[in-house]
Amino acid sequence: MAGMTAPQSRDTSELPRVTVEVPVLSIGAGPTDYEDLGRHVDALRKPGSLHMTLLHIGILERLAADIFAWTKGRMPAERAALEIATWLRELPVLDGFLGKSDTILTLGGGRISSLEVVVPQAVHDYQTLLLQGLHVLLDDLGLDYIDDFILSSPALGYRSPHWIPHVAVGKARAKHQEPIKIETLALEFGTSRIRNEMSLPSVV
0 MAGMTAPQSR
10 DTSELPRVTV
20 EVPVLSIGAG
30 PTDYEDLGRH
40 VDALRKPGSL
50 HMTLLHIGIL
60 ERLAADIFAW
70 TKGRMPAERA
80 ALEIATWLRE
90 LPVLDGFLGK
100 SDTILTLGGG
110 RISSLEVVVP
120 QAVHDYQTLL
130 LQGLHVLLDD
140 LGLDYIDDFI
150 LSSPALGYRS
160 PHWIPHVAVG
170 KARAKHQEPI
180 KIETLALEFG
190 TSRIRNEMSL
200 PSVV
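Counted the way numbering that gives the first Met the number 0 counts, the sequence shown spans residues 0 to 203.
Any given hint might turn out to be false.
What the hints assert, rightly or not - Between beta-carbon pairs, the in silico distance windows are:
1. D146 with K170: 28 to 34 Å
2. G108 with P200: 29 to 35 Å
3. D146 with G37: 37 to 43 Å
4. L106 with P200: 28 to 34 Å
In short, the hints are calculated from the structure, not lab data. Note that CB positions come from ideal geometry on N, CA and C, so glycine has one too.
My request is simple: use the sequences and hints to build the entire structure.
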C-alpha cells in the first residue's frame, strides 16, 4: 500500500522549526534594562529576536515521521504534515499583552538562561487551548496514547507537561544554575504568530 511507505530519510537539521509564539516588543524602561542582564547571562540575545514560545511543533517533517512511526504506517507522513499545517493556520490569534519578570531561570537542559515571566490568565488559557487542540488533532490522525506520544516525540521535544512562561535571553554561565533574582522588569508582547509559517505545506 502506498500509505504504508516509510518517509524517506534525509537530513532535516537545517529545516526551519515551527512554533506558535509571541514576540517581545519591549523589556523594562529602555535598552539598558535589557543590557544589564548581561551581568548574569552570557551571549545575550539580540532584543529583536526575543519571543515566548506557546507551542513547539519543531521540524514538521520530523513530527510527521514520528506520527507515521507511532501509527505503524497507518497515517502517511505527508498527510500528517498537511493536516498539522492546516490546523496551525486556523488557530485563533492571541492579542498582545503585558507581563513581568523578576527571576532568571536555567532551562533547556540546564544550558539556556530565560526570564521567568508572570503572564495574564488569558495567556495560560490560550496555551492550554493549543495543547488541547493538538491532542484533538493527533486523535483525528489516528494516534493512541496521545499524552505518551507528546512527551516522547523527539520532534515535539517536550520534557515536562507543565508549561513555564519564559523568554530565552542567553547562555547560562553554569549548567543547572540556581534561579537568579533581579529587579522586576516589565515586558510587552505582541500578537501571536506562527514562526516559519511560510515553510508549511499547502493544499494544491
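Comparing the hints with the structure gives:
The hinted window of 28 to 34 Å between D146 and K170 holds, with their beta carbons roughly 32 Å apart. About 30 Å separates the C-beta atoms of G108 and P200, a value consistent with the hinted range of 29 to 35 Å. The hint said 37 to 43 Å for the Cβ distance between D146 and G37, and at roughly 39 Å that hint holds. Look at L106 against P200: about 31 Å separates their beta carbons, and that is inside 28 to 34 Å.
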